[in-house]
Amino acid sequence: MFNRRQFLGYSLGITGSMFLGPRMTLASVDTDRRFVFIIQRGAADGLNTVVPYADPSYSTLRGAIAIDPAESLKLDGMFALHPALTRTAEFYGEGEALFVHAVASPYRNRSHFDGQNVLETGGTKPNQLRDGWLNRLLPLLPQSKEEAIAFAPVLPLALRGTVAVNTYSPSKLPEPTEELLMRVAAMYDRDAQLHALWAEALEVREVAVAIEEREEAANLGTMAAGFLTTESGPRIAMIETSGWDTHAGQKGRLKNQLTKLDALFGSLRDGLGDVWSKTTVLVATEFGRTAAVNGSGGTDHGTASAAMVLGGSVSGGRVVADWPGLKPAALYEGRDLTPTLDLNVLIAKATAEGLGLDPELTMRTLFPQQVFDKSLPVLVSA
Amino acid sequence: MEMRQEVERGIALNRFGLGARAGDDHAGDARDWLMSQLEAYEAAPESLSRGLRSSDILSDYAERIRSSKDLPAPERMEIRQALRKEGRANYRLDVKLRVASAVETSSPFIERLVHFWSNHFALSIADPLVTWLAGSFEREAIRPHVLGTFEEMLLAVETHPAMLLYLNQSESVGPNSSQAKRVSEKKNRRLGLNENLAREVLELHTLGVKAAYTQEDVIQLALALTGWGRRIKSGAPVRDGDPYFAPVAHEHGRRVIMGTTYAQPGVYQGKAILRDLARSPQTARHVATKLARHFIGDDPPEAAIRALQTAFLDSGGMLPAVYETLIDRAEAWEPDRVKFKTPWEWLISSFRGLGIPEKPEMSIAAMLQQLGQPVWQPGSPAGYDDIAASWASPDALMKRVEVAQQFADSRGDLDPRDLALELLPGTLSDSTRQEIHRASTAQSGLVLLAVSPEFLRR
Numbered sequence: 002m003f004n005r006r007q008f009l010g011y012s013l014g015i016t017g018s019m020f021l022g023p024r025m026t027l028a029s030v031d032t033d034r035r036f037v038f039i040i041q042r043g044a045a046d047g048l049n050t051v052v053p054y055a056d057p058s059y060s061t062l063r064g065a066i067a068i069d070p071a072e073s074l075k076l077d078g079m080f081a082l083h084p085a086l087t088r089t090a091e092f093y094g095e096g097e098a099l100f101v102h103a104v105a106s107p108y109r110n111r112s113h114f115d116g117q118n119v120l121e122t123g124g125t126k127p128n129q130l131r132d133g134w135l136n137r138l139l140p141l142l143p144q145s146k147e148e149a150i151a152f153a154p155v156l157p158l159a160l161r162g163t164v165a166v167n168t169y170s171p172s173k174l175p176e177p178t179e180e181l182l183m184r185v186a187a188m189y190d191r192d193a194q195l196h197a198l199w200a201e202a203l204e205v206r207e208v209a210v211a212i213e214e215r216e217e218a219a220n221l222g223t224m225a226a227g228f229l230t231t232e233s234g235p236r237i238a239m240i241e242t243s244g245w246d247t248h249a250g251q252k253g254r255l256k257n258q259l260t261k262l263d264a265l266f267g268s269l270r271d272g273l274g275d276v277w278s279k280t281t282v283l284v285a286t287e288f289g290r291t292a293a294v295n296g297s298g299g300t301d302h303g304t305a306s307a308a309m310v311l312g313g314s315v316s317g318g319r320v321v322a323d324w325p326g327l328k329p330a331a332l333y334e335g336r337d338l339t340p341t342l343d344l345n346v347l348i349a350k351a352t353a354e355g356l357g358l359d360p361e362l363t364m365r366t367l368f369p370q371q372v373f374d375k376s377l378p379v380l381v382s383a
Numbered sequence: 010m011e012m013r014q015e016v017e018r019g020i021a022l023n024r025f026g027l028g029a030r031a032g033d034d035h036a037g038d039a040r041d042w043l044m045s046q047l048e049a050y051e052a053a054p055e056s057l058s059r060g061l062r063s064s065d066i067l068s069d070y071a072e073r074i075r076s077s078k079d080l081p082a083p084e085r086m087e088i089r090q091a092l093r094k095e096g097r098a099n100y101r102l103d104v105k106l107r108v109a110s111a112v113e114t115s116s117p118f119i120e121r122l123v124h125f126w127s128n129h130f131a132l133s134i135a136d137p138l139v140t141w142l143a144g145s146f147e148r149e150a151i152r153p154h155v156l157g158t159f160e161e162m163l164l165a166v167e168t169h170p171a172m173l174l175y176l177n178q179s180e181s182v183g184p185n186s187s188q189a190k191r192v193s194e195k196k197n198r199r200l201g202l203n204e205n206l207a208r209e210v211l212e213l214h215t216l217g218v219k220a221a222y223t224q225e226d227v228i229q230l231a232l233a234l235t236g237w238g239r240r241i242k243s244g245a246p247v248r249d250g251d252p253y254f255a256p257v258a259h260e261h262g263r264r265v266i267m268g269t270t271y272a273q274p275g276v277y278q279g280k281a282i283l284r285d286l287a288r289s290p291q292t293a294r295h296v297a298t299k300l301a302r303h304f305i306g307d308d309p310p311e312a313a314i315r316a317l318q319t320a321f322l323d324s325g326g327m328l329p330a331v332y333e334t335l336i337d338r339a340e341a342w343e344p345d346r347v348k349f350k351t352p353w354e355w356l357i358s359s360f361r362g363l364g365i366p367e368k369p370e371m372s373i374a375a376m377l378q379q380l381g382q383p384v385w386q387p388g389s390p391a392g393y394d395d396i397a398a399s400w401a402s403p404d405a406l407m408k409r410v411e412v413a414q415q416f417a418d419s420r421g422d423l424d425p426r427d428l429a430l431e432l433l434p435g436t437l438s439d440s441t442r443q444e445i446h447r448a449s450t451a452q453s454g455l456v457l458l459a460v461s462p463e464f465l466r467r
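From first to last, the protein sequence lines are chains A and B.
Everything in the first sequence is counted per our numbering, starting at 2 for the first residue and increasing by one.
Everything in the second sequence is counted per our numbering, starting at 10 for the first residue and increasing by one.
In short, the hints are calculated from the structure, not lab data.
A quick note: this is a predicted structure, and the numbers were derived from the prediction, not measured.
Treat each hint with caution, since some may be false.
Cβ-to-Cβ under 8 Å is the rule here; a few derived chain A residues that face chain B [said to hold, decoys possible]:
1) Arg42
2) Gly43
3) Glu180
4) Arg184
5) Met188
6) Tyr189
7) Asp190
8) Arg191
9) Asp192
10) Trp245
Note that CB positions come from ideal geometry on N, CA and C, so glycine has one too.
Here chain B stands alone, though its shape is the one from the complex (with noise of 0.2 Å):
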């Protein structure tokens, strides 16, 4: 193959994709291949069949605790404890079925796409009801949305219960509303408003930072937004698109965002908003930013993120025309590898490579909380940093020799010389090459082959 070829086949296995796979035959174009994906990508594969659904997640759980309500103390908390334990070990679950998925796959670049936007629209783990249902985020309201327009994976997003539960939205009410008023009456305990999701939508989920919003365009948000998730412990079924609406707790009355004014009324108002958001200029230019970023390098150039914002705008928030921008920027196919791999790619890209560990000795989930990288736990709603400086640290890279020793001492068949030249095409530098042929054992030789720099980068 001509070297240049070669090169841009490792780039789009690599940059664009999840890693080479041991056998794997990516003959041609490797643009065609990532364009080829948009089709071959399966929003609801079989890897992931097994995951929950989040209505049958909800209603369990709050069958659960109902029948508990009317036990003694001691009963009622063993049942808690019990939801709680179960919610960890579906969470592992889950996160073994998104490893599964992101190593079977022949879409890596558009699977790559949903962990990026996974962790765009981040929430993270630690309230039992969100450990339950983070998996079932991932596949209700990103995947199917990944290769349609942003517009319609916002609404999923903000609509689903996990968001709506993590983000506090079920826990604000609209101060003069109908709940409201009577819980002050009979009870004589004040219900609010939260302002928790409707700040992360404007920050972190559509404008970003440096928009232009004010502290007054949250409140209005988080006003049009009452009674959004208000029912969801109730474990009332859902209906299509539904956030589990509460007209009794919600605002009614006129909001205006940024100048405009949303006069709709009840859950209407909430989506009107969000779809005007999600077509803004600056979400485009926050978007575009953070593919450059994810894509390019950490300090993208500014043609490059205007181009994706102009595609973005041009296509009305079309996914797949700004994805066929990025693949048609030559920025994105440098063969300098600047993005050093997170945790989560780099562990991915090995287990594509060396096949996944069939009796780890600690949990695929363990694994990554070691390197750093818990799977939907970054402890914050801004997700997990895309910039090298907050991955490459000595730490680290011992934590990578460590795990990389887990999976390549089950491995001792492959022999890493063959495997160094099938994984990097085009990149296996002499150094590398030379002490993986010097590594004493082919365990040691699978070691160095996943810690060699061209494979800690992408």
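Okay, chain A solo, but in the shape it has when bound (with noise of 0.2 Å):
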């Protein structure tokens, strides 16, 4: 039996800055499959993460921050990983990874706690659903007696629902993300006394957090394999990761945030063991970003992304993708990559895939409002 206790001994057996950035939520069924679902929020860059080298308005459009092809991990003659995902390339080497490109959920407008809201829900409109997929997905499976357990403060809107989640709130307190901060200097940019008192802070600050995060990074990794392959334990757990708003600076900051991110899916990965082979982990955010590079070194809010699936039986070694190009004819409203890909039915089909569930059932629950889509190829070869 997997209770609150083993809980907290897994949450003091590892070093005490591990809820600096991410969160996690875990949830019991009784399956011997494992899905992690890793949220992006604050609409991740998925032009810079899962690169279009060879389409030939990429490095144009980027300019300044766009990847250099001599540094990038070459997945096929279209497409390459972000230098910072070595081990993420790796998993794709051995066909334990793939990417899907041009994605978006149906949200077409540009706020993030809608995007979110859409995202987790699984509507097609902010606000139209009440409750969230992940935990509209739980019922589809044999219950669990032990009950869900959110590490965070606040339950994440895509597990809320119907289904009982405890929520248990670490005693160490969360640490500022670096959007945030960012977002503080943006804020405080015309006003000279706190501008002068904010740049100060952050100086002090930057040097301290640069070598705590990408050990949490992987903490986070290794507690949840650590609870995914307890015995009875939970088999569903949901990240937060924060931080991909990258307005500014973007080039640095995203290196940064990748580099979290493979240090996360490496630990999980090197936790899981033999368990990994029956692991189906997706990454997402709730939209994209800009095709072109904005004038601060950044990006603004846009729409199409790109989504992750992992595992051990993960159909991977591919990119998936209708690729719209990047011309300016071709840009959604002018300005971002236009979805091709529904993102909901690759949400219902890895998780219908990865847990050994029916797909069309799968899709009706987690998103009611749509149809299933059967053109995607398959995912997880379970």
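Using the hints, put the two chains back together into the complex; each one sits in its own frame.
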């Protein structure tokens, strides 16, 4: 049996800094398969993560923040991974990772709150559904006696709903994310007094944080793996990462973010051991970013982005995309990567195949407003 | 609403008050709203009713000390330690009650004045018994008099056991008093004067450090106050206005302070001096300067100080007359927000806007400790500074971001975009609005709101 005490035991066994960034929520179901949903809050830039290096418009649009093809990790004749994703590239090489590009939820505006609301509830419009698709997924699986536990002060929307999930707040206080610190800086930009004070505060902080963060991400993967490999323990985990909103200084920030994500994947895979073969990891964000670089070395809120599916049974080693291209006429509203695949179909298919469920029933349950699109190839062969 | 009215509403809520509360309706004239609070104010609101009375604290404390006297040393120590620990717990409760009262009040201008006066007559917890009494001091000596005369407040403060203990008045004995003589004969020990309270009465509570009093005036006042507070630790019941006066410790005789002779007997002598000090033009100037600094700016204009001083003197120290003058001064309604909120002001306004966290990771007292302004613990009888330079620092800003995260984390149900408009009427800047809109989570949007330039200042 997996209980609260064991849960606390894990958390105490790992260094105190683990709540710096990402958060984790766990749910127990009676299956031997594992499913991990990693949400990238803040609109992760798909174009610099899974880079369409062979698209002739890419380097022009991205200018100073374009990923140098010589440094990137080639996937095929069209796409390459950001150089920070070294471990992820290994998974791809072993056929255990696939990437889906030009994918978006049904949401077409550019508000983080609303975009995450759609991504997590599984509706087609913000606030259309009250509960989350991950919560609706739980009753499709044989029930376990154990309750789900959220390792965050607030239950993520994706897991809210009729199936009870307990929350447990860690005693270590969460520290501000890089994105929040950047926003504070932007807000103080025209305030001489606060601007000077804040610049000094950030300088002091930077040194200490850089070292801690990488360890943090790796610890979280190890901890998640610890829970997921416990006998009768939780089988479903949701990990919330944030800091993806790279409006300025994207080059360094995205590299930092992806380094952490890569470390999270690596430690999760290592910690899972043999269970990796029964695990599916899905990574998604609420929407993508503008195709072109903006005036501050960053990108603004966009539409389509990239998603990832990882795991021992994933039919990986390929990029799934109906690539729309980056020519001006091909861009959504003249500025964003145009969505050609539905993220919700991807979610339904990845969860169903990963957990051994019927894809159409899963689609109906998770995304009741939409119909299942059978054109997507098999993602996970359980 | 007209723009000017909107701006004035923001000033009334944030500069005079303790910050807006979501859902409160403040339509109408901002000045009228402030004046109406003089009627609405409650000295003893329901939220403070759980606070202990100083007389009960003292008699209980004295009783437990007495009963431990004949016990073996280890057990005696244990009782002392328990008293200390319970005192800390009682302090945390008092802080919680103070916060609740500040958050719930519908007369936030007057509540702010309570905090102002409590800081003017500052005590600082360290001594176990003062820690026990700090909350009762504010409830008994400050709150009932905040809309009365300065004189009555001064007397209530200087006769309150917490102040008499904090500034060591309880240890002061007239050198020629019968108690000093008896102790000197029997125990071969000399008891004498302690000038602490007398000095701070002149320097901090009334005339101000720049006033023309001398060391001799301090000694004369100290002699007049001998006997005050001498019996506090016996736990004797308080009689109205009686500062636990012990005639045996009083130095009899005439006192001359700043040229005036006081020949009153016993406790009446000290009271007569305090009454004169309360009415002094220098006291009026001192108080006027501090009020103007609090509401107008770090370096308030001379004209405003004079107007407040005149109102004080003309009314015989009637505080509402002074507040009314303040509300009438154009300088107090300048749209520029020049006062950087103290940690207390910032936390209270955040709680009023976002709600008090139900299960905070740390106690509210600890939050204030982390922010650098623990309640009733300025470390000096001068109280906390009231100028921006003391509070606006890199570390303080980072701390506010971190603390804001703590209470924002439990408020994922609020939409920071709507809340910003409601809490910062007439002042929300484009850049703040924009960053809040762009924030990637509701929680970070709430943090941004709480640390926005317009929310950090009032």
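Q.
Flag every earlier hint the structure violates by its number, smallest first.
A. none
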